[in-house]
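Engineer: Once you've looked at the hints, dock chain B against the given chain A.
Chains as they are written, first to last, in the working numbering: chain A, 869 to 1058; chain B, 869 to 1058.
Misleading hints may appear alongside valid ones.
Unchecked claim - Rough simulated footprint, nothing fancy, chain B against chain A, three-plus residues with beta-carbon under 8 Å:
#1 896 to 908
#2 925 to 931
#3 952 to 965
#4 971 to 981
#5 1039 to 1051
Said to hold, decoys possible - Derived DEER-like restraints, expressed as beta-carbon distance ranges:
#6 A:W894 x B:H930: 44 to 52 Å
#7 A:R985 x B:D931: 20 to 28 Å
#8 A:R929 x B:D884: 22 to 30 Å
#9 B:F889 x A:P879: 22 to 30 Å
#10 A:L888 x B:G944: 30 to 38 Å
#11 A:D956 x B:I1024: 36 to 44 Å
#12 A:Q885 x B:D931: 17 to 25 Å
#13 B:G1027 x A:C882: 37 to 45 Å
#14 A:L878 x B:E881: 43 to 51 Å
#15 B:L982 x A:L878: 29 to 37 Å
#16 B:V1021 x A:E959: 23 to 31 Å
#17 A:V1021 x B:D956: 36 to 44 Å
Said to hold, decoys possible - If you only want the chain A side, here are some residues facing chain B, beta carbon under 8 Å, derived:
#18 D876
#19 A911
#20 I915
#21 R1020
By construction, these hints were calculated from the structure, which means they are not laboratory data. Just so you know, even glycine gets a beta-carbon here, dropped at the ideal spot from N, CA and C.
Protein chains: 2
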Amino acid sequence: MPAKLPDDPLPWECLDQTYLFRRPPWLVLRHQRFRLPTGREIADYWISEFPPWVNVVAVTRHDELVFVRQYRPGLGAVHYEIPAGVVDEGEDLEAAGRRELREETGFGGGHWSLLTRLSANPALQNNWTTTFLAEGVERVAEPAPETTEDLRVHLIKVGDAARLIDEGEMIQALHAAPLLRYLLGRSGGR
Amino acid sequence: MPAKLPDDPLPWECLDQTYLFRRPPWLVLRHQRFRLPTGREIADYWISEFPPWVNVVAVTRHDELVFVRQYRPGLGAVHYEIPAGVVDEGEDLEAAGRRELREETGFGGGHWSLLTRLSANPALQNNWTTTFLAEGVERVAEPAPETTEDLRVHLIKVGDAARLIDEGEMIQALHAAPLLRYLLGRSGGR
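Only chain A is shown next, with the shape it has when bound in the complex:
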């Protein structure tokens, strides 16, 4: 839990809550009515519920990042991404990360550690995205993506990663943030 500061804004009071959809894992949407500590009411507020998500910054022994390219219909484009997916019910987070990495790319092994724990948007959704750093991964199998996935695996030199973000080739904030945290650590920054 984050630290609480003495003058922090107080929680909002939920006056009413109704589920508009319950179609997990991609559409669980609730409508809420809130009263703010200031007394102001917000009559219409919508929050999406999702299961936990997991991402992997995977680095080979040759200092290459294991990226995938996928078509994403929200933006209608293909970009570089880090391997990522939904944590299954009851699944251990690191096990989910290892499963997603292997399914999407065929890479596995290596030394795993927690890199970041972030939210795509704490105003609009309720889940966390945990990103693991997997160092020293190697190709251990053929990729076996889900039938609704159509992706390509690319190995990118670590030194090229920040440029891909700068040039708009990697645009997912939940992917860029942990990757930049990794690069900052390598650069000696805090």
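Structural biologist: Showing chain B alone in chain A's frame:
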């Protein structure tokens, strides 16, 4: 537009599209049915539409970052954030950033440049978030937040920012990514 690679996945074909809600700016939701290039159909896919969002990494002349703390009901908690908001219809992106910074924190002025252009999630939503770096900002007015906002302004030393991300005090990926890009640049990393 991002580069296209010869073996990139092809776009999905939209077979059907229906709007479930049209309540901008916070709930415009469409249902789509897609056929993938692999032939597989996805019968239920939901995409949220939002206006452009804008964020500001604002740094004072004393090397402090201008952060805010807000309660966010998706996670039910208060964290550090960078000033951020919705771009008004027809509004210039930098003008929107300057407006949000001034409204939320009372800071203004400084030298502005584009820092990152990211998506919260290109699979599930259609908008971009542009983050500006504003260097040398100073307090120019009293904060004047919207009536539905209840926030506190904090000045945080640049050298403490990565620690706040590591310790879970700043958790919004759309905020952490541009901030880490700024820190990586300062550290001499690429």
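Engineer: So which of the earlier hints does this model not fit?
Structural biologist: 2, 3, 4, 8, 10, 12, 16 and 19
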